[in-house]
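Quick note on numbering: numbering that gives the first Met the number 0 labels position 118 of the sequence shown as 117, and the sequence is numbered without any gaps.
The hints are simulated quantities; they were obtained by calculation from the structure and are not laboratory data.
All figures in this text were calculated on a predicted structure; none of them were measured in a lab.
Heads up, the beta-carbon is just placed ideally off N, CA and C, and yes, glycines get one too.
Careful: at least some of the hints might be erroneous.
Quick list of simulated restraints, FRET-style, between CB atoms [to be verified]:
{"hint": "1", "residue 1": "V37", "residue 2": "T114", "range": "21 to 31 Å"}
{"hint": "2", "residue 1": "N90", "residue 2": "V37", "range": "30 to 40 Å"}
{"hint": "3", "residue 1": "V35", "residue 2": "Q86", "range": "32 to 42 Å"}
{"hint": "4", "residue 1": "T110", "residue 2": "Y40", "range": "50 to 60 Å"}
{"hint": "5", "residue 1": "L88", "residue 2": "D41", "range": "12 to 22 Å"}
{"hint": "6", "residue 1": "L88", "residue 2": "H55", "range": "32 to 42 Å"}
{"hint": "7", "residue 1": "D98", "residue 2": "P52", "range": "21 to 31 Å"}
{"hint": "8", "residue 1": "N90", "residue 2": "Q113", "range": "46 to 56 Å"}
{"hint": "9", "residue 1": "L94", "residue 2": "D32", "range": "15 to 25 Å"}
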Amino acid sequence: MQPGPMYFLTSRKCGLFGVCCEGMPQQLFGLEDGTVLVESYDWQHQLTPYFRPLPHIKQYQHFSFDAQQPGVVFAKERSDSVGHSFQLLHNTAILPPRDGLPGKAPSGLHTARQTYIF
């Protein structure tokens, strides 16, 4: 049994569950045996040297980005309001590396398990 309150995200026969605990910095999603399916990374530690935080982020509801302007985010309070642009890069000449964190593709379900579920 996992410690902390649990909430079921799918039917119990799939064996998937999530753990929500206020004392943990991240929520876990995995199998009953403790295997974690969705890995979480420390993105804040990885991106802090390159980006500054968006001021008053909670007041904005709509965000857009443009590949021609790296590091710039366009934010709107409502869909019909005037947008504001923010430069979030500390130094526009230095972009973060594209391969900063290792990517790991999930293995997926084997054929017998897929047939059982569906």
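So, going through the hints one by one against the coordinates:
Roughly 24 Å separates the CB atoms of V37 and T114, a value that falls within the hinted 21 to 31 Å. A beta carbon spacing of about 32 Å between N90 and V37 agrees with the range 30 to 40 Å that was offered as a hint. Taking the beta carbon of each, V35 and Q86 are about 36 Å apart, inside 32 to 42 Å as hinted. At roughly 30 Å, the beta carbons of T110 and Y40 sit outside the given window of 50 to 60 Å.
For L88 paired with D41, a C-beta distance near 20 Å keeps the hint of 12 to 22 Å intact. Between L88 and H55, the C-beta spacing of about 19 Å breaks the proposed range 32 to 42 Å. The supplied range of 21 to 31 Å is met by D98 and P52, whose beta-carbon atoms lie about 24 Å from each other. Hint check: N90 to Q113, Cβ distance near 48 Å, so the stated range 46 to 56 Å holds.
Against the hinted window of 15 to 25 Å, the Cβ-Cβ separation of L94 and D32 comes to about 41 Å, which falls outside the hint.
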